[in-house]
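Number of protein chains: 2
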Amino acid sequence: MAAHKLCMIPGPIEFHEDVLQAMATPATSHVAPNFIPALGESIELLRQILFTSGQPFIIAGSGTLGWDMTACNLIEAGEDVLVCNSGYFGDRFGECMETYGAKVTHLRVPIGESPQLAAVAAALKSKKYKAITITHVDTSTGVLSDIKGIADIVRKESPETLVVVDGVCSVGSEEIRMDAWGIDVVVTASQKALGAPPGLCVMGVSTRAIEVFKTRKTPVANYYANWNRWLPIMNAYEARKPSYFATPAVQNVYALHVSLKQIVAQGVEKRFALHKEASLKAKKFIHDLGLKLVPTSLEHAANGMSAVYYPEGVAATDLLPKLAAHGIVAAGGLHVEIAPKYFRIGHMGISVTEPERGHLDATLNALKISLAECGYKGAL
Amino acid sequence: MAAHKLCMIPGPIEFHEDVLQAMATPATSHVAPNFIPALGESIELLRQILFTSGQPFIIAGSGTLGWDMTACNLIEAGEDVLVCNSGYFGDRFGECMETYGAKVTHLRVPIGESPQLAAVAAALKSKKYKAITITHVDTSTGVLSDIKGIADIVRKESPETLVVVDGVCSVGSEEIRMDAWGIDVVVTASQKALGAPPGLCVMGVSTRAIEVFKTRKTPVANYYANWNRWLPIMNAYEARKPSYFATPAVQNVYALHVSLKQIVAQGVEKRFALHKEASLKAKKFIHDLGLKLVPTSLEHAANGMSAVYYPEGVAATDLLPKLAAHGIVAAGGLHVEIAPKYFRIGHMGISVTEPERGHLDATLNALKISLAECGYKGAL
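Chains as they are written, first to last, in full-length UniProt numbering: chain A, 1 to 380; chain B, 1 to 380.
There may be inaccurate statements among the hints.
For identical chains, the list gives no copy identity; a pair is met inside one copy or between any two copies.
What the hints assert, rightly or not - Straight-line alpha carbon distances no greater than 25 Å define the calculated BS3-like cross-link-like pairs of lysine-lysine that follow:
| # | residue 1 | residue 2 |
| --- | --- | --- |
| 1 | K322 | K241 |
| 2 | K214 | K292 |
| 3 | K241 | K341 |
| 4 | K103 | K217 |
| 5 | K5 | K241 |
| 6 | K270 | K148 |
| 7 | K283 | K103 |
| 8 | K377 | K341 |
Bear in mind the hints are in silico, worked out from the structure with no lab data behind them.
Here chain A stands alone, though its shape is the one from the complex:
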């Protein structure tokens, strides 16, 4: 195998050695006494990380599956959903909602902006929404949405509206307090700031949302994603009892378990602070190089990643291969309207919680050198 390049994209991120070792756990039955506690305890640890007394789910699949889980279990055909749309992932979550019969209204913001609280309040006044979705960090733009502020407004203007957060690129790097802030659903995945390899859809669902689910009038129009099948399974594993609906991704769960234990052991608050610190460092470096972030203000820029416009005269086809030659894997643009104009760097997980690894410094230094190699004057 070629030498490992640092994976500094906004997920998958670099994994701790103990997490990788858990991925190589020998064959283990999904109902074995040495597997059940790994899944059971992971459910408990997620409650601590999401600050909720609600119901976590850990299911084999990508983060995208969490959108289906939200839509098919909580929305009934014909119900209205308000999508706070700050980029690519807002569009997609909206499409997923429509697949299950939701009538979707998009509250779009210009690229680089985050949803305005006044606009959310106005939208909530105009119509009764079953749910509002917010992309906490839109991985396509690095924009951070104010989920606490939006949840406050929902509770004031339309208390029954479910607050759904797409936290795929935020859980583990951005502050989320489900119960205190009144958030009903958080969708995420294993491979971003939760620090494990991809392959698991991870969710937190409030007790209130579970009640809404239990009183739905129409059947759930999905088999694999149906909470009626998964609730007894999650409850059984948490009670340390074997149970079966579909075979869990045993090794991935072992790996997630190791990472969740590390996160809670270091302290969730400490983790938020370290991500903020690393992000400020990255963004100052980027600013000092004369580069411009996609988010229009630091106030609504994500702490786990940076989306950065190429400077004049530098193209994607130039910069990314040069970064790779210096051992750093960064990502290109994803937002369709500006994709060729910007790149993205992830700074999550062990790359920032264990700064002694030097991942971020190596990345920023490689960025400067690569820009200089591209002939960018600001880096000389």
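With the hints as your guide, set chain B onto chain A.
Frame of chain A, contents of chain B only:
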């Protein structure tokens, strides 16, 4: 970690060391030049293993997700589906079909029997079915269905009916020739005879079924499982180009890739023969002990597993812990009507293709000793 017990259940199975090492591949972008060929080549290898020129899919999720993929993409609401039901998994696949609006007719057989060709022919004469589903090996009973025979009858009686095989517990251990036999869909998962850890839904879909999909009249009522989203992704990876819909389970794909290469290198025909040989050995040993298989005849008993009734006076609570104490993990019963009366042993993958590992011998010896410890006279 405690000493590893041999995982001799009907999946997950024991993994090759190289497969496990691939699970511990360091963080790699899902669009990295060193990942794309692993997924692309896995798609090509699956064509060889399934003997098809059709379209394989490799998606993060459990095998169960493959049922949703089949139902939501190929069946439209109101269409009739015939389920050849040889146990637990027939019931479940039927429920999944109904979730997507299918009108399901179950062709049930008594426990331990396989579907009769004459009954299938009669059912096909009575109604026009969009699809027929067959559980190739019902993991709950160890019954092997004659998918070649059934496909022949379908092609004769109702040529447009899609032949859907639940091959979760058969792909890699039982002979399947999709194109030659006229099979349209094979659903499987990574953790059985394909020899990789759980976490991937794996499918093969015939060119004919893809055409049926492309001409469907109603939209696909699922977002994550929608082939419209996955077909371009599978095509892109096979063409060695990056593409994105949902993040693949990178490490699991690396592991599957290693295992698929091993399977093709050893030869698929050879693999079938080795599974048959191991199965005969296991079943003769079981017979000589005076135990009875759940399948009523060797003719329709699976080659990758054995479902065995406990002898008089021996209970699940006695035998399984004793086997575990001897280092062998076996599985209890799963078919609701007889669950406490039988147990299941898997003999798939490296445990039979590399007999020098001694897995099967160790399992059978432990079975004999454990039965004797339970006071079973036939084992003394």
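So, going through the hints one by one against the coordinates:
1. K322 with K241: Between. Shortest inter-copy distance 19 Å satisfies the 25 Å Cα cut-off; intra-copy 51 Å does not.
2. K214 with K292: Classified as neither; 47 Å inside a copy, 44 Å across copies.
3. K241 with K341: For K241 and K341, the Cα distance is within 25 Å only across copies (20 Å; inside one copy 52 Å).
4. K103 with K217: both (17 Å within a copy, 21 Å between copies)
5. K5 with K241: Answer is between: at 20 Å across copies they meet the 25 Å cutoff, but 41 Å inside does not.
6. K270 with K148: within (19 Å within a copy, 60 Å between copies)
7. K283 with K103: neither (38 Å within a copy, 57 Å between copies)
8. K377 with K341: Answer is within; shortest intra-copy Cα gap is 18 Å, inter-copy 77 Å.
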